[in-house]
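**Student:** Please model the entire structure based on the sequences and the hints provided.
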Amino acid sequence: MILAQSNMLEGLKDQLQHLTADIFWLAPEVTLVITLVLLLTYDLIFRQNKSVGIVAIAIAGLAFSTLLLISNWSELLVTNSLMGGLLRLDQGAVFFKLLFVVGALLAIVMMQRHRKKDFFFHSSEPLVLVFGLLLGVFLMTMAANLLMVYVSVELVSICSYLLIGLYKKKSNSEAAIKYLLFGAVASAVMIYGMSWLYGFTGTLDFTSVQFVNGLYLVPILPLSIALVMTMAGFVFKLGAFPFHIWSPDVYEATPTPFVALLSALPKLAGLTLIFRFVQVLDLDFANWQLWLGIIAIASMTIGNFSALWQKDAKRMLAYSSIAQAGFLLVGLIAFSESGETAALFYGVIYLIMNFAVFFLIQLFENKEGRIPFDNFRGKGNQEPWIGALLLIVMISLTGLPPTAGFNGKLFVFSALWESWNSNGQDILLWVFIFGLLNTVVSLFYYLKIPYFMFVKRPVDELSLNNKPQIDRIWGTILVCPLLIWFFKSDGLLNILNSINFVF
Amino acid sequence: MSIDILLLLGAALFCIGLAVVVTRKNAIAVLIGIELMLNAANLNLVAFSRFDGDQLQGQIFALFVITVAAAEAAVALAIVVKVYQHFNTADLDQINELKG
Numbered sequence: 001m002i003l004a005q006s007n008m009l010e011g012l013k014d015q016l017q018h019l020t021a022d023i024f025w026l027a028p029e030v031t032l033v034i035t036l037v038l039l040l041t042y043d044l045i046f047r048q049n050k051s052v053g054i055v056a057i058a059i060a061g062l063a064f065s066t067l068l069l070i071s072n073w074s075e076l077l078v079t080n081s082l083m084g085g086l087l088r089l090d091q092g093a094v095f096f097k098l099l100f101v102v103g104a105l106l107a108i109v110m111m112q113r114h115r116k117k118d119f120f121f122h123s124s125e126p127l128v129l130v131f132g133l134l135l136g137v138f139l140m141t142m143a144a145n146l147l148m149v150y151v152s153v154e155l156v157s158i159c160s161y162l163l164i165g166l167y168k169k170k171s172n173s174e175a176a177i178k179y180l181l182f183g184a185v186a187s188a189v190m191i192y193g194m195s196w197l198y199g200f201t202g203t204l205d206f207t208s209v210q211f212v213n214g215l216y217l218v219p220i221l222p223l224s225i226a227l228v229m230t231m232a233g234f235v236f237k238l239g240a241f242p243f244h245i246w247s248p249d250v251y252e253a254t255p256t257p258f259v260a261l262l263s264a265l266p267k268l269a270g271l272t273l274i275f276r277f278v279q280v281l282d283l284d285f286a287n288w289q290l291w292l293g294i295i296a297i298a299s300m301t302i303g304n305f306s307a308l309w310q311k312d313a314k315r316m317l318a319y320s321s322i323a324q325a326g327f328l329l330v331g332l333i334a335f336s337e338s339g340e341t342a343a344l345f346y347g348v349i350y351l352i353m354n355f356a357v358f359f360l361i362q363l364f365e366n367k368e369g370r371i372p373f374d375n376f377r378g379k380g381n382q383e384p385w386i387g388a389l390l391l392i393v394m395i396s397l398t399g400l401p402p403t404a405g406f407n408g409k410l411f412v413f414s415a416l417w418e419s420w421n422s423n424g425q426d427i428l429l430w431v432f433i434f435g436l437l438n439t440v441v442s443l444f445y446y447l448k449i450p451y452f453m454f455v456k457r458p459v460d461e462l463s464l465n466n467k468p469q470i471d472r473i474w475g476t477i478l479v480c481p482l483l484i485w486f487f488k489s490d491g492l493l494n495i496l497n498s499i500n501f502v503f
Numbered sequence: 001m002s003i004d005i006l007l008l009l010g011a012a013l014f015c016i017g018l019a020v021v022v023t024r025k026n027a028i029a030v031l032i033g034i035e036l037m038l039n040a041a042n043l044n045l046v047a048f049s050r051f052d053g054d055q056l057q058g059q060i061f062a063l064f065v066i067t068v069a070a071a072e073a074a075v076a077l078a079i080v081v082k083v084y085q086h087f088n089t090a091d092l093d094q095i096n097e098l099k100g
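So the sequence lines, in the order shown, correspond to chains A and B. Going left to right, the first sequence walks through residues 1 to 503 as the working numbering numbers them. Going left to right, the second sequence walks through residues 1 to 100 as the working numbering numbers them.
Hint data in this document are derived by calculation from the structure and do not stem from the laboratory. It is possible that some hints are incorrect.
Result set (SDA-like, lysine to any residue): computed pairs, CA atoms no more than 20 Å apart in a straight line [said to hold, decoys possible]:
hint, chain 1, residue 1, chain 2, residue 2
1, A, Lys169, B, Leu92
2, A, Lys168, B, Val75
3, B, Lys99, A, Pro372
4, A, Lys168, B, Thr89
5, A, Lys169, A, Asp118
6, A, Lys456, A, Pro372
7, A, Lys456, A, Phe444
8, A, Lys169, A, Lys367
9, A, Lys448, A, Pro458
10, A, Lys170, B, Val75
11, A, Lys311, B, Asn96
12, A, Lys169, B, Leu98
13, A, Lys456, A, Trp385
14, B, Lys25, B, Val68
15, A, Lys169, B, Val81
16, A, Lys50, A, Gln112
17, B, Lys82, A, Leu162
18, A, Lys168, B, Phe87
19, B, Lys99, A, Leu437
20, A, Lys488, A, Thr476
21, B, Lys99, A, Ile302
22, A, Lys311, B, Glu97
23, A, Lys367, B, Leu36
24, A, Lys170, B, Tyr84
25, A, Lys448, A, Leu437
26, A, Lys169, B, Ala78
27, A, Lys168, B, His86
28, A, Lys169, B, Asn88
29, B, Lys82, A, Glu368
30, A, Lys367, A, Pro458
31, A, Lys170, B, Lys99
To spell it out: a stretch of chain A is covered by chain B in this simulated footprint if at least three of its residues, at any positions, have a beta carbon under 8 Å from a beta carbon of chain B; those stretches are [to be verified]:
hint, stretch
32, 146 to 152
33, 192 to 203
34, 248 to 261
From the derived model, a few chain A residues whose C-beta atoms are all more than 12 Å from chain B [stated by the list, open to error]:
hint, residue
35, Leu69
36, Asp90
37, Leu98
38, Ile177
All values reported here derive from a predicted model rather than from experimental measurement. We treat Cβ as the ideally placed atom computed from N, Cα and C, and that holds for glycine.
**Tutor:** Encoded structure:
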């Protein structure tokens with residue numbers, strides 16, 4: 001009896017030692033939490049002129065966690081199982097986390113250059129929520145356990161609801177309640193599906209052998225229902241076809257820096273979740289290529305055709321982001337090494353394009369925070385540099401040379417083509433055809449903004465932000481990678497190729 | 001108690017919750033429906049946890065779901081209050097300023 005007890009204590013001690021050792025690998029996340037707490041306390045202590053301190057703390061926190069991530073990257077050789085199997089850290093996860101930090105930094109830059117800058121920095125609330133969201137997406141990329149998946153998805157979701165509802169306007173509260181109800185239903189469906197997966201296998205760790213073996217014993221119908229329900233939550237985060245209805249309203253009402261953040265980070269994190277889940281459960285009975293192919297085709301088609309009729313730039317970009325979610329999935333559908341690399345490459349390009357386009361259209365925001373197309377009328381002659389940058393970004397979003405968007409689409413679709421040649425599944429060919437046709441369709445709405453800028457006559461004088469010089473510099477910095485990676489993408493591809501993205 | 005009864009009860013709760021979400025127009029009623037769906041999942045998790053002798057992962061998961069659901073409900077009600085201030089109603093059909 002006593003012996004058993006001391007054995008158990010030894011085991012516990014061992015486990016605790018493992019946990020404290022794991023903290024070393026989780027230092028970037030710990031930094032984020034500390035920054036969050038610092039922001040909160042700073043807000044409580046100081047009364048006036050908080051904006052400088054808030055920005056300084058946020059930037060310092062992000063910079064420090066970047067350093068820690070880089071040291072993780074160089075020291076990480078094999079996939080690490082952390083916190084008793086709740087998390088898995090591999091190079092792919094570290095790479096995505098670096099991307100997310102870059103995204104958060106760009107969002108802070110956008111807030112700085114926003115017309116109503118005071119709103120973002122008069123208290124620390126917006127940045128605290130941004131850091132909460134960042135922590136959530138960090139955990140999402142590492143999650144190896146259904147419990148962790150649920151908690152991180154909810155962390156991201158709740159922070160997003162609050163970010164949308166933070167701005168005290170009528171349309172914001174409407175967008176927030178729509179997003180919240182939709183998100184809550186999606187996560188309830190997801191958790192019900194997860195409860196069945198747990199029942200089938202007796203474990204929550206979806207990377208374990210027990211999980212996969214357990215699923216083989218289950219009849220096909222209940223298994224499909226459970227898997228589809230679980231996927232619903234991931235697809236909601238990705239913002240793809242059946243769960244895309246919230247995005248236009250949210251994008252239209254929310255301040256532009258938050259839209260840029262919400263359209264990039266949770267989308268990519270959702271993509272990694274789908275990726276890992278599908279890779280681990282690459283089974284005969286679950287025909288992922290068919291299911292994901294249908295989602296991709298529907299997202300691309302619905303997103304592109306709805307975008308054609310929009311009158312507001314942000315609303316148009318919302319539909320475009322639904323279509324982009326479809327293109328992001330195409331790389332996964334190929335189910336090959338080159339497909340993975342292509343999807344990663346497209347993800348990187350998508351993040352940059354997304355922040356560039358939102359940064360540039362933010363300059364044309366009117367006092368209500370809306371960006372109808374009329375705001376762009378004749379602005380190309382006043383601001384030729386900004387106009388040229390916007391034209392490049394739009395060409396990149398369409399996927400034409402000479403921009404990196406073309407490379408992204410090329411890699412993704414050539415991986416798909418190879419995969420079709422080797423296994424001949426019809427759905428792959430359909431995805432290919434629809435993807436190419438949709439690229440043509442997207443040309444019409446993406447080029448609408450440059451058309452308004454350069455061809456239409458100006459009607460009223462909408463003054464741009466003060467100090468447009470700084471905007472020009474930031475815009476150029478954001479657009480440069482899109483041009484550089486078109487001509488010289490092998491450097492980035494080498495890095496991406498070295499990442500082994502499967503658990 | 002046989003596990004079938006628990007699972008059937010869970011499935012029934014889930015369906016009732018989903019029906020409430022789809023049919024009711026009041027935001028608070030929809031939130032109640034969501035709560036039912038979450039509790040259906042909880043019931044399943046706790047029921048299945050019986051076969052997971054050492055670790056009781058299902059029960060732990062259920063505790064997390066309860067906590068997160070409480071946080072979500074707090075945020076949701078705060079947003080509903082804000083919506084009510086602007087629109088003077090919590091009827092989702094009348095909250096339709098954003099369209100396109």
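**Student:** Now tell me, hint by hint, if it's right for this structure.
**Tutor:** So, going through the hints one by one against the coordinates:
With a C-alpha separation of about 17 Å, the suggested pairing of Lys169(A) with Leu92(B) holds against the 20 Å cut-off. Annotation: proposed proximity of Lys168(A) to Val75(B) holds, straight-line Cα distance about 15 Å (limit 20 Å). Using a Cα cut-off of 20 Å, the hinted pair Lys99(B) and Pro372(A) holds, with the two alpha carbons roughly 14 Å apart. Annotation: proposed proximity of Lys168(A) to Thr89(B) holds, straight-line Cα distance about 17 Å (limit 20 Å).
For the hint pairing Lys169(A) with Asp118(A), the CA-to-CA distance comes to about 16 Å; that is within 20 Å, so the pair holds. The hinted pair formed by Lys456(A) and Pro372(A) meets the criterion: a straight-line CA distance of about 14 Å does not exceed 20 Å. The straight-line distance between the Cα atoms of Lys456(A) and Phe444(A) is roughly 16 Å, inside the 20 Å bound, and the hint therefore holds. Of the supplied pair hints, the one linking Lys169(A) and Lys367(A) holds, its CA atoms being roughly 13 Å apart against a limit of 20 Å.
A hinted pair counts as satisfied when its Cα atoms are at most 20 Å apart, and Lys448(A) with Pro458(A) qualifies at roughly 15 Å. The suggested pairing of Lys170(A) with Val75(B) holds, with an alpha-carbon distance near 17 Å, which does not exceed 20 Å. With a CA separation close to 17 Å, the supplied pair Lys311(A) and Asn96(B) stays within the 20 Å bound. Between Lys169(A) and Leu98(B) the CA atoms are separated by roughly 12 Å; this keeps the pair inside 20 Å, and the hint holds.
Taking the CA atoms of Lys456(A) and Trp385(A), the gap is near 17 Å; set against the 20 Å cutoff, the hint holds. A threshold of 20 Å between alpha carbons decides the hint, and for Lys25(B) with Val68(B) the separation of about 24 Å lies outside it, so the pair is violated. Between Lys169(A) and Val81(B) the alpha-carbon distance is near 13 Å, which keeps this suggested pair within the 20 Å criterion. Note on Lys50(A) and Gln112(A): the hinted pairing holds, with a Cα-Cα distance of about 14 Å set against a maximum of 20 Å.
Pair hint Lys82(B) plus Leu162(A) holds up; C-alpha atoms about 12 Å apart against a cutoff of 20 Å. Proximity of Lys168(A) to Phe87(B) is assessed by CA-CA distance (about 13 Å); at most 20 Å being required, the pair is judged to hold. Between Lys99(B) and Leu437(A) the CA atoms are separated by roughly 27 Å; this puts the pair beyond 20 Å, and the hint is violated. Taking the CA atoms of Lys488(A) and Thr476(A), the gap is about 18 Å. The hint holds against a cut of 20 Å.
For the hint linking Lys99(B) to Ile302(A), the alpha-carbon distance of about 17 Å falls within 20 Å, and the restraint holds. For the hint linking Lys311(A) to Glu97(B), the alpha-carbon distance of about 15 Å falls within 20 Å, and the restraint holds. The hinted pair formed by Lys367(A) and Leu36(B) fails the criterion: a straight-line CA distance of about 42 Å is larger than 20 Å. Among the hinted pairs, Lys170(A) with Tyr84(B) is consistent with the structure: their alpha-carbon atoms are about 10 Å apart, no more than 20 Å.
Of the pairs offered as hints, the one joining Lys448(A) and Leu437(A) holds, with about 18 Å between alpha carbons and a cut-off of 20 Å not exceeded. In summary, the hint linking Lys169(A) to Ala78(B) is supported, as the alpha carbons are separated by about 14 Å, within the 20 Å threshold. Distance check on the hinted pair: Lys168(A) and His86(B) sit about 10 Å apart at the alpha-carbon level, within 20 Å; holds. For the hint linking Lys169(A) to Asn88(B), the alpha-carbon distance of about 14 Å falls within 20 Å, and the restraint holds.
Using a Cα cut-off of 20 Å, the hinted pair Lys82(B) and Glu368(A) holds, with the two alpha carbons roughly 19 Å apart. Among the hinted pairs, Lys367(A) with Pro458(A) is consistent with the structure: their alpha-carbon atoms are about 18 Å apart, no more than 20 Å. Our distance criterion of 20 Å between C-alpha atoms is met by Lys170(A) and Lys99(B), whose separation comes to about 14 Å. For the stretch 146 to 152 of chain A, the proposed coverage by chain B is satisfied: 4 residues have a C-beta within less than 8 Å of a C-beta in that chain, meeting the threshold of three.
Counting residues of the stretch 192 to 203 of chain A whose CB falls under 8 Å from any CB of chain B gives 8; the rule of at least 3 is met. Counting residues of the stretch 248 to 261 of chain A whose C-beta sits closer than 8 Å to any C-beta of chain B gives 4, which meets the bar of three, so the coverage hint holds. Even its closest Cβ contact with chain B, about 27 Å, leaves Leu69(A) beyond 12 Å, as expected for a residue assigned away from the interface. Every C-beta of chain B lies more than 12 Å from that of Asp90(A), the closest at about 23 Å, which supports listing it as non-interface.
The beta carbon of Leu98(A) sits about 28 Å from the closest Cβ of chain B, which is more than 12 Å, so the claim that it is off the interface holds. Listed as a non-interface residue, Ile177(A) fails to keep its Cβ farther than 12 Å from every Cβ of chain B; the least gap is roughly 5 Å.
In this structure, the earlier hints numbered 14, 19, 23, 38 are contradicted, and the remaining ones agree with it.
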